[in-house]
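Asks: In case you want the letters, here they are:
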Amino acid sequence: VSTADACARPPGVARAEVRITHPTGLHARPAVKLTKLAKGFPGATIRLRADPAAAWVDAKSIVKVMALKARTGIRLELEAEGEGAEAAVAALKALVERDFDEGHG
Amino acid sequence: MAETVRQGRGASPGLAIGPLVRLAGVAETEAPPAGTPAEEAARLAAAVGRAKAELAVLAEGGDDEAGAILAFQLELLDDPSLLAPARAAIEEGASASLALAGAIDAEIVGYEAAEDEYFRARAADLKDLKERVVAALAGGPGSRTYRTAAPSS
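Line by line, the protein sequences give chains A and B.
For what it's worth, this note's numbering labels the leading residue of the first sequence as 1, then goes sequentially.
For what it's worth, this note's numbering labels the leading residue of the second sequence as 1001, then goes sequentially.
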């Protein structure tokens, strides 16, 4: 997250964007990994958005994360606030970048 | 929902002994709740707990693909936003079974409407999950007959 971004947002809010490169997108198994990782930051509120025009959804809710139906190639926006917000966003972004630690097959 | 009658053909003679639970009809035909909302809420919580314990046991021995579905189902039961509509319906007087079935059916509609074949296929995982919890609400070892045939087995 750049310094310029930091000036344009409220204090304590961390944001990032990441492109989903996993071939089948944010399907059940990656979504479970994502929600479990998000729940590892109990002090942070973490939100996701797969479409800039859509509402943010709770990254700790498998129902909401699956409802994004985020397919490969989509830019996923991450936003967190509260305790560990920066670390949460960084960890989730890294998980998506690592294709959810799954081999492509 | 209309009753579905499935015709089968015997492949070999056999004998089945055990309690019979007609799962397909449980949610639709159940009598109005005998319990208060507090009792129905407690029944639902207990059934969800039992379903989670069953899924956890199944997840231990399963292969990778089955394990992923079971992990998905467990995560769904851990998600307050799945059960919140069910709790609200119970507050308004619904039985635990009807409330739970209604809440999961609402999610199933979203999956069935998906363009992506993969997401559409997840509707089966939610139906399977619904049946597991409804079976747990019906209680007893009869739920085991269903378990052997479910996608999450």
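Hints listed in this document are in silico derivations from the structure and should not be mistaken for laboratory results.
Idealized CB from N, CA, C, for every residue including glycine.
Treat the hints with care, since some could be wrong.
[Unchecked claim] Per the computed footprint, the stretches of chain A lying under chain B, defined by three or more beta-carbons under 8 Å from a beta-carbon of chain B, are: (1) 29-35; (2) 85-91.
[Stated by the list, open to error] Below, computed lysine-lysine pairings styled on DSS-like, alpha-carbon distance capped at 30 Å: (3) A:K64 / A:K36; (4) B:K1127 / A:K33; (5) A:K93 / A:K64; (6) A:K36 / B:K1127; (7) B:K1052 / A:K36; (8) B:K1052 / A:K33; (9) A:K39 / B:K1127; (10) B:K1052 / A:K64; (11) A:K39 / B:K1052.
Asks: Against this structure, judge whether each hint is valid.
Replies: Going through the hints against the structure:
1. 29-35: holds (count 4)
2. 85-91: Our answer is that it is violated, as 0 residues pass the Cβ test (under 8 Å) against chain B, missing three.
3. A:K64 / A:K36: Within the cut-off at roughly 13 Å; holds.
4. B:K1127 / A:K33: holds (22 Å)
5. A:K93 / A:K64: Satisfied, since the Cα-Cα distance of roughly 18 Å is no more than 30 Å.
6. A:K36 / B:K1127: Holds, because 23 Å separates the two Cα atoms, which is no more than 30 Å.
7. B:K1052 / A:K36: holds (16 Å)
8. B:K1052 / A:K33: With Cα atoms ~18 Å apart, K1052 (chain B) and K33 (chain A) stay inside 30 Å; holds.
9. A:K39 / B:K1127: holds (26 Å)
10. B:K1052 / A:K64: Given that 30 Å is the threshold and the Cα spacing comes to 20 Å, the pair holds.
11. A:K39 / B:K1052: Holds, because 18 Å separates the two Cα atoms, which is no more than 30 Å.
Checked against the numbered hints above, the structure breaks only hint 2 and satisfies the rest.
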